[in-house]
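Line by line, the protein sequences give chains S and Z. For the first sequence, the tail end lands on 116 under the numbering used here, and the numbers increase by one without skipping. For the second sequence, the tail end lands on 538 under the numbering used here, and the numbers increase by one without skipping.
Simulated from the structure, these hints should not be mistaken for laboratory data. Please note: incorrect hints may appear among the correct ones.
Stated by the list, open to error - List of simulated lysine-lysine pairs, DSS-like, C-alpha gap at most 25 angstroms:
| hint | chain 1 | residue 1 | chain 2 | residue 2 |
| --- | --- | --- | --- | --- |
| 1 | S | Lys39 | Z | Lys501 |
| 2 | S | Lys43 | S | Lys62 |
| 3 | Z | Lys277 | Z | Lys404 |
| 4 | Z | Lys491 | Z | Lys404 |
| 5 | S | Lys43 | Z | Lys404 |
| 6 | S | Lys39 | Z | Lys75 |
| 7 | S | Lys43 | Z | Lys277 |
| 8 | Z | Lys481 | Z | Lys491 |
The primary structure of each chain is shown beneath.
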Amino acid sequence: MSISINNNALPVQPSNLNESDLQLQTDQEAVDGTMRRNKFGQKKNSVMHFSMLAPSDYRTIKNYFVTGSGVYYSNDNSNETSNGLYAFSGLPAFTENEYAPGASLYRDFDVTIREI
Amino acid sequence: MQTTSSGYPSVVNAPFRQLSTGVLLSWLKTLASNISFFTINTSTIAGADIIKGSSSDSVSFFDKYQYTDYATYVKNWSVDRQIGQFPFGLIMAQADVEFDNTSNLFTPNYDATIGSGILPNRPLKINVSMGQDSLQQFTGFTGQPEIEVVNRSMTLHAYDVIDFLNNYSFTSQSGTTFSGLLSNVTTSSAIQYYLGKLGFNANQYQLEKSLQQPIGVVNVTDRRFGDVLQDLIQAEGGILLADEAGIIHFWNRQHFVTTSGLGFIFNFTPSNTLDIKYTNAPIINDVTVTAKPRAIAPLQQIWKQGGTQTIPAGQSFTIFTDFADNDGPLPVTQITAPTYSATNVNTSYFTTNTASDGSGTSSSSDLTLSSTYLFGTTYKMVFLNPNNYTVFLTDISLYGTPAKVVNAISQQYIDQASIDAYGRNPANNGETLALNNDYLQSSSDALTLAFTIVSQFGQPNRHYEAEIFADPSLQIGDYGKLTLPNTALTKTVWITGKTDKLSPEGNLTQTLQLEERTLYTYFTINSSAIGGTDVIAP
């Protein structure tokens with residue numbers, strides 16, 4: 001697995017990764033229970049959790065996302081696609097976590113990137 | 001319903017439906033090539049020129065703009081069109097669209113390409129695609145964009161072309177130089193005439209035949225077009241609306257009878273209906289319609305000045321005259337502009353004198369009538385005294401062609417069985433519902449209008465609101481069946497209102513207003529067969 005942001009390989013790969021296509025669809029149910037599904041498409045989505053990042057890695061990874069602008073996400077070893085490449089332009093939303101007690105400023109970091 | 005492909009029914013009724021939407025805007029109102037603006041008295045009616053509004057903006061002819069699809073920025077939209085309280089009148093469609101503006105694309109004067117065009121009155125089209133069919137849902141013009149800077153969003157509220165017609169005023173300020181007066185004209189002919197003057201091509205409206213007798217006088221000069229249209233349509237008991245593609249339709253009061261002959265377009269059953277409610281339409285069982293139709297009278301004296309006006313040397317003086325007779329304000333269709341005369345004559349004239357009591361001298365060079373303007377029931381005259389002495393305007397007489405009341409009509413229709421059961425007009429304080437419309441030309445037309453309302457609203461529980469699996473091809477006026485769940489009740493209904501909403505996550509919902517209608521085919525001279533099934537209007 002090798003994930004890059006804006007074509008820069010992450011210094012540390014996430015400890016937990018959830019790549020999944022969000023289904024833009026709604027199921028409706030008629031009075032007699034008949035189902036109807038309206039689907040408008042799907043969007044790529046990646047949820048990453050980094051555990052106990054060293055301070056320098058923490059700052060490097062966070063800096064990819066602090067501007068709030070879109071990023072290019074790429075994973076060339078993904079199970080989501082047949083050729084292993086899961087790539088898209090998306091908007092990131094991240095969460096900073098508290099310092100781990102007694103761990104020399106190590107912190108967890110969470111970020112979700114959703115396809116534009 | 002809108003025209004669809006042969007495969008559409010299987011697509012729209014499938015359990016899984018792949019949808020997409022288009023939200024097209026022409027921010028810069030760039031026109032397609034080879035377009036010129038309509039010029040009254042120059043351009044050809046039904047020609048290729050397009051109308052220009054009060055500014056440099058153009059109106060109508062939606063297809064001739066260059067659009068860009070901004071669907072990828074759309075968070076949600078809704079389109080709403082309703083007939084209103086009564087089964088006739090103008091139907092105006094409205095649309096609301098919310099856009100994501102994270103990129104500041106819609107922030108005024110920010111984007112290099114469209115930033116300068118983030119303004120009101122932009123052409124907007126909304127469509128939904130299902131299978132290979134792309135179905136228009138709305139065509140109109142936007143209002144002022146509502147932009148939330150912090151939330152990075154923009155909301156547009158838009159109206160269809162009926163709003164433009166409704167608010168247009170035929171005044172000299174709006175560039176109108178043609179006669180707004182028509183006489184002995186049918187409603188459809190009058191609408192066709194005015195739409196043509198506004199630059200609409202014949203392929204941009206479809207007008208059904210008027211069923212009312214020709215109207216004596218129709219005049220839009222210095223009136224809001226919507227007010228005139230509302231009265232014309234009411235007198236016909238018809239409907240004026242723009243369809244999803246922006247085409248204007250006039251339906252006469254037989255329209256629903258006609259569409260019922262086309263067979264059921266839809267069949268709402270518990271398997272395609274999400275919710276059904278009875279709506280509380282007011283019970284109306286007593287209607288009185290009054291009218292004072294007018295006709296143009298021969299040229300005659302319509303006003304004479306009382307008293308003397310003083311016009312100092314070198315100054316101008318403006319006179320406004322209000323015409324009236326025993327029936328109130330009197331519309332006048334044409335006035336002969338007064339010219340100088342030293343004595344009384346049987347045409348429009350004015351008389352001057354150098355003395356207020358008429359003892360001085362009188363000359364044709366005393367005053368000049370520099371301008372006149374007829375406002376319908378008011379006439380404006382501007383006199384100029386070019387001399388170095390005071391002139392007294394001792395007499396003015398105006399001759400013109402007034403549109404006089406030729407008949408006073410009052411017709412009442414009641415449904416006694418409904419009154420006995422529910423009381424007289426419980427939603428109108430127990431009083432007859434009074435309607436006045438001077439475009440009604442005969443007692444039978446007035447009675448038909450009263451009958452139409454009572455027959456539609458005299459009984460309760462004939463109006464429904466149903467949420468269904470959305471079918472973007474359905475339109476107002478479509479006819480079909482509605483089966484109430486858990487009952488054996490099946491109703492024959494028409495669609496009289498429609499609200500479509502597209503929400504995030506691909507949720508397309510559709511709520512319909514449905515009415516049961518009792519259909520009557522009224523006897524029409526030169527159309528109905530004697531001994532046929534058509535009934536004489538009550």
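Hints the structure violates: just list their numbers, smallest first. The structure breaks hints 3, 4, 5, 7; every other hint is satisfied.
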